[in-house]
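Asker: Use these hints to put chain A onto chain R, whose structure you have.
Chains as they are written, first to last, in my numbering: chain R, 1111 to 1399; chain A, 26 to 324.
Since the hints were made in silico from the structure, they are not lab data.
Computed from a prediction, not measured in an experiment: that's the story for all the values here.
Watch out, some of these pointers could steer you wrong.
Just some of the chain R residues that point at chain A, by a computed CB distance under 7 Å [claimed, not checked]: (1) Phe1130; (2) Gly1337; (3) Phe1358.
In silico contact screen, one side only, chain R against chain A (beta carbon under 7 Å); selected entries [claimed, not checked]: (4) Val1131; (5) Leu1137; (6) Leu1141.
Computed Cβ-Cβ distance ranges for the label pairs, DEER-style [what the hints assert, rightly or not]: (7) Trp230(A) <-> Ile1144(R): 51 to 59 Å; (8) Arg1152(R) <-> Leu177(A): 33 to 41 Å; (9) Glu289(A) <-> Pro1285(R): 37 to 45 Å; (10) Glu72(A) <-> Leu1203(R): 43 to 51 Å; (11) Arg1152(R) <-> Glu75(A): 53 to 61 Å; (12) Ile1346(R) <-> Arg123(A): 30 to 38 Å; (13) Arg1205(R) <-> Gly272(A): 36 to 44 Å; (14) Pro171(A) <-> Glu1362(R): 45 to 53 Å; (15) Pro1285(R) <-> Thr162(A): 48 to 56 Å; (16) Pro1154(R) <-> Pro216(A): 52 to 60 Å; (17) Pro216(A) <-> Gln1392(R): 21 to 29 Å; (18) Arg1205(R) <-> Met78(A): 26 to 34 Å; (19) Glu1291(R) <-> Leu214(A): 24 to 32 Å; (20) Pro1315(R) <-> Pro216(A): 32 to 40 Å.
Virtual Cβ for every residue (Gly too), placed ideally from N, Cα, C.
Next come the chains, spelled out residue by residue.
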Amino acid sequence: MAWFRKRARADRGGWPLRAFVFAYLGLFVVLPLIAAIPPLVREPPSQVWEKVTAPQAVAAMKLSASAAAVGGAINTIFGSMLAWTLVRFRFPLRRVLDALVDLPFALPGVVAGIALMALYGPASTVGHFAGPEGWLGLHFVKIGLPPLSLTGGFAALVFANLFVTLPFVVRTVQPVIADLEREAEDAAESLGASPFQIFRRVILPQIAPAIVTGFGLAFARGVNEYGVAVLVSGNIPYESLVMPVYVFQRLEANDYTGATAIAAVLLLMALAVLLLTYAWSQWRVRRVA
Amino acid sequence: MSRKPLPNSGRRRFRLLPILIGLFAVTYLIVIVGLPVGAIFYNAFAEGREAFMDALRDDETQHALKLTVMVCLAVVPLNAIFGLAAAWVLARHRFMGRSALAALVNLPLALAPTIAGLLIVLVYSPSLGLLRWPINTANDWLHAHPDWQQRLHFDDVQIVFAFPGLFLATLLVTVPLVALEVLPSLEQLDPTEAQAARTLGATGWQTFWRVTLPAIRWSVLYGVVLCTAKAAGEFGAVSGVSGRLIGETNTLTLHIERSYAEWENTKAFASATLLTALSVGTLIVNLLLTRGHAKRSAS
Chain R
1111 MAWFRKRARA
1121 DRGGWPLRAF
1131 VFAYLGLFVV
1141 LPLIAAIPPL
1151 VREPPSQVWE
1161 KVTAPQAVAA
1171 MKLSASAAAV
1181 GGAINTIFGS
1191 MLAWTLVRFR
1201 FPLRRVLDAL
1211 VDLPFALPGV
1221 VAGIALMALY
1231 GPASTVGHFA
1241 GPEGWLGLHF
1251 VKIGLPPLSL
1261 TGGFAALVFA
1271 NLFVTLPFVV
1281 RTVQPVIADL
1291 EREAEDAAES
1301 LGASPFQIFR
1311 RVILPQIAPA
1321 IVTGFGLAFA
1331 RGVNEYGVAV
1341 LVSGNIPYES
1351 LVMPVYVFQR
1361 LEANDYTGAT
1371 AIAAVLLLMA
1381 LAVLLLTYAW
1391 SQWRVRRVA
Chain A
26 MSRKPLPNSG
36 RRRFRLLPIL
46 IGLFAVTYLI
56 VIVGLPVGAI
66 FYNAFAEGRE
76 AFMDALRDDE
86 TQHALKLTVM
96 VCLAVVPLNA
106 IFGLAAAWVL
116 ARHRFMGRSA
126 LAALVNLPLA
136 LAPTIAGLLI
146 VLVYSPSLGL
156 LRWPINTAND
166 WLHAHPDWQQ
176 RLHFDDVQIV
186 FAFPGLFLAT
196 LLVTVPLVAL
206 EVLPSLEQLD
216 PTEAQAARTL
226 GATGWQTFWR
236 VTLPAIRWSV
246 LYGVVLCTAK
256 AAGEFGAVSG
266 VSGRLIGETN
276 TLTLHIERSY
286 AEWENTKAFA
296 SATLLTALSV
306 GTLIVNLLLT
316 RGHAKRSAS
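Just chain R, same shape as in the assembly (with noise of 0.2 Å):
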């Protein structure tokens, strides 16, 4: 059988293969992970520290983790909406609407910005409507509230992420609704069950993994986002300036000890996150089950 174990081997490639994919991921990115050690080393470990804790530092920590949760929240509760809507309903255009998600995940970043910048910015009809000299906006600044803005400052940051993350939480979404079984909801209708209640009980329990695993997968991708972002938000130090405009900053400015640290904070905040809700779903998932 010797011969037979060796050839069924051999159809899998063998070791050569595996040396490539190792060789290959090592040289393009292991090697400059490996790179991001000696700027954290080079310097006494409380001056690093130092320059996590600038002021300008943690306010970007924080603008870019509320707005990252803020609008993943957001597109969690409609990008779940839209996956119902485009499972459940059959209309004209449907399939246009479906491709049409993932657009945000394949337009680059720049373009994204530009085009919202013309759309939703303060020159467009949209934002002379909401902005200070429009009709929305006066009406907001006589019952006290800031004029609206969708474009500079924590709104934008929040609606830069609501355009990029929106494929992430419905593409996690779709296919666990699309796999729900409509006889349970329609035995908990003829039970007397209100809508809220089927939904509730029903259909959240199913989704709620999914939901969270989406919400994970927005906030880390909202949390790094740079391309619409530096564009849209006027990158102001403790407005709107995101951790990775930030990282951009202290590399042009040569300070790579404090761009490497940023960066590492930056890097394990996207995976603590992506981590934990992952780790929470698939516990739910084999506690359910």
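Answerer: Chain A in isolation, oriented as in the chain R frame:
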């Protein structure tokens, strides 16, 4: 006791709430995604067709386009070959460290693009990079031997602020794309066909080219198209390593940002239509792909 008609699964009662949710969701999608795409084309042609064509014929635009095409030509084939190999190894091999490999393949997706640019600078910068010693040694040697410089048509090794840096940064960001598209279809593939080919005497390569690759060709195609779109549209990673020398290291995305910042709207949006067309192309491939899947599972 109220008598409600039993809902039957064929025809459902007309209900207002779901319709409202549906209308709202579709409006949301159009406001967030649909209108911005329309705005790109609208602004590109705002000054007329002639201005649009002039913006595309502009020297800077032409150079940026060529540079982006060259980066794609260098990055995509490499990542396609790697993607096939990595998906194959992940689907078929069982070995220690397999989950570490899976995590490593996925990692670039969690990396902010500006971090990718920073990392390339940290490896290849001649002043402080991890590999500064070999780079500087090679350059010293080349500068000491002008005859070799001429013979090799090569003045010095430049990576950061030059084409290799753009290539490496784009590659790092797009490493997982083909692999992650191919992996699911390779895992679903029924191995009996390949086994049959083997028992009929085909070699491993023949089996791969004639049996396995045709079966997964659509996901490979989609992965390649997606990788091309992402490589062409890469912005954060290349802005860190490019230095933005106009006519030298200004890629299409950097050109768009610069034109927009300099109030040359038509130039910015005309260049943006090229990248938008590419990403709409990936959507069309995806649409055809899922339709193909639906047909296959229906038959």
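Asker: Which constraints among the numbered hints does this structure fail? Numbers only, ascending.
Answerer: 5, 7, 10, 12, 14
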